[in-house]
Amino acid sequence: MTAHPEIPFRYRKVPPEAQPPRLASYVLSHARLTAPLLGSSLLFPRRFDAAVAALLERPDAAGIAPAHAFWYFGGALHLWVEPRSLQRRLSDFVADHRGARWIGASFLDAADWSGAVLSLRKSPIHREMGQLVRADLEFRRIAAYQSLLRRAELGQPAVRNGIVLAGVAEIDAYFRYCADLAASMRQHGILPRRELGRLQTSSSTHRAARPRGIDRAERDIGVAVTETGELVRHLGGKHRTAIARVLRLPRIPVEVRLVHVRWLKRQMDRTGLPAHQALPAGLATLASGGDDDSCAREETQAESGLEETPRRSPP
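The numbers in this note's numbering rise by one with no breaks, and the one at position 218 of the sequence shown is 384.
Because the hints were derived from the structure by calculation, they are not lab data.
Be careful, since some hints might not be right.
[As the list claims (entries may be wrong)] Below, simulated DMTMM-like cross-link-like pairs (lysine to aspartate or glutamate); rule was C-alpha separation at most 20 Å, straight line:
no., residue 1, residue 2
1, Lys288, Glu223
2, Lys431, Glu223
3, Lys179, Glu248
4, Lys431, Glu183
5, Lys179, Glu304
[Unchecked claim] Derived DEER-like restraints, expressed as beta-carbon distance ranges:
no., residue 1, residue 2, range
6, Glu183, Ala309, 37 to 43 Å
7, Trp246, Val334, 56 to 62 Å
8, Ala335, Pro440, 37 to 43 Å
9, Ala216, Gly355, 38 to 44 Å
10, Val334, Arg198, 23 to 29 Å
We treat Cβ as the ideally placed atom computed from N, Cα and C, and that holds for glycine.
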């Protein structure tokens with residue numbers, strides 16, 4: 167049988183067994199260390215505008231380190247959105263004719279994402295959290311709990327938060343963490359990470375289900391801006407997004423981690439601003455619920471969605 171050739175610069179998702187390593191820690195550390203200089207108002211605008219122009223010409227051109235973009239744009243990347251507006255997710259690992267890789271290495275991208283953007287309702291975590299909330303957090307009653315037990319018994323345990331759910335103890339610890347998270351979100355909603363304080367659910371109580379390193383690295387729910395201006399979940403926040411949707415929370419805090427340059431080009435054309443100024447303007451428009459790509463997004467989201475519980479009155 168003849169293999170179909172890869173379409174250049176069109177992403178597809180990568181199965182777990184074929185996923186390459188993420189960036190080496192020293193690469194990420196170097197980006198963070200250089201952010202005060204390379205993300206400064208003196209250097210960053212020119213670098214960013216040049217990277218956008220290059221990617222519009224060549225999708226394989228060099229991007230911008232996320233740490234540098236976070237340093238420069240700061241709060242402009244932090245939005246409040248309706249959780250129901252997040253219908254899809256972008257795979258953390260993608261592949262095209264250049265091979266497989268982790269997609270979190272650049273803040274900008276120019277490829278076709280259509281083969282790597284997936285419905286949230288297909289995520290096992292979304293199914294687990296939906297069942298958990300609808301069972302009033304009594305996790306041993308839900309089908310997902312029994313399914314994880316069967317996987318463990320068959321020697322094919324699931325992995326959640328970097329923990330192998332190899333037996334009853336691990337599975338119970340995982341669902342206890344999720345139940346406490348859901349209870350906190352039901353009472354308080356989701357606070358931005360910088361405001362969590364004493365309300366932070368993850369602590370030594372849940373260390374068996376959630377390593378300390380994940381807590382230290384966790385940020386607001388990550389999102390990417392697609393070519394059409396759709397916000398899709400990306401790089402972090404699986405459980406919070408799923409619980410927020412099933413609880414029908416009115417708003418959640420998200421952080422923009424990745425931007426498609428063709429959407430950004432439309433914002434440049436619309437505003438007449440250079441890329442580094444058009445981005446905050448475009449994100450503000452997205453956050454307000456108005457943009458020029460809403461029809462395209464409605465078409466792509468038509469088959470997406472999750473079953474949700476009736477809205478609860480705030481305590």
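Hints the structure fails to honour:
Checked against the structure, the hints that fail are numbers 1, 3, 4, 5, 6, 7, 8 and 10, while the rest are satisfied.
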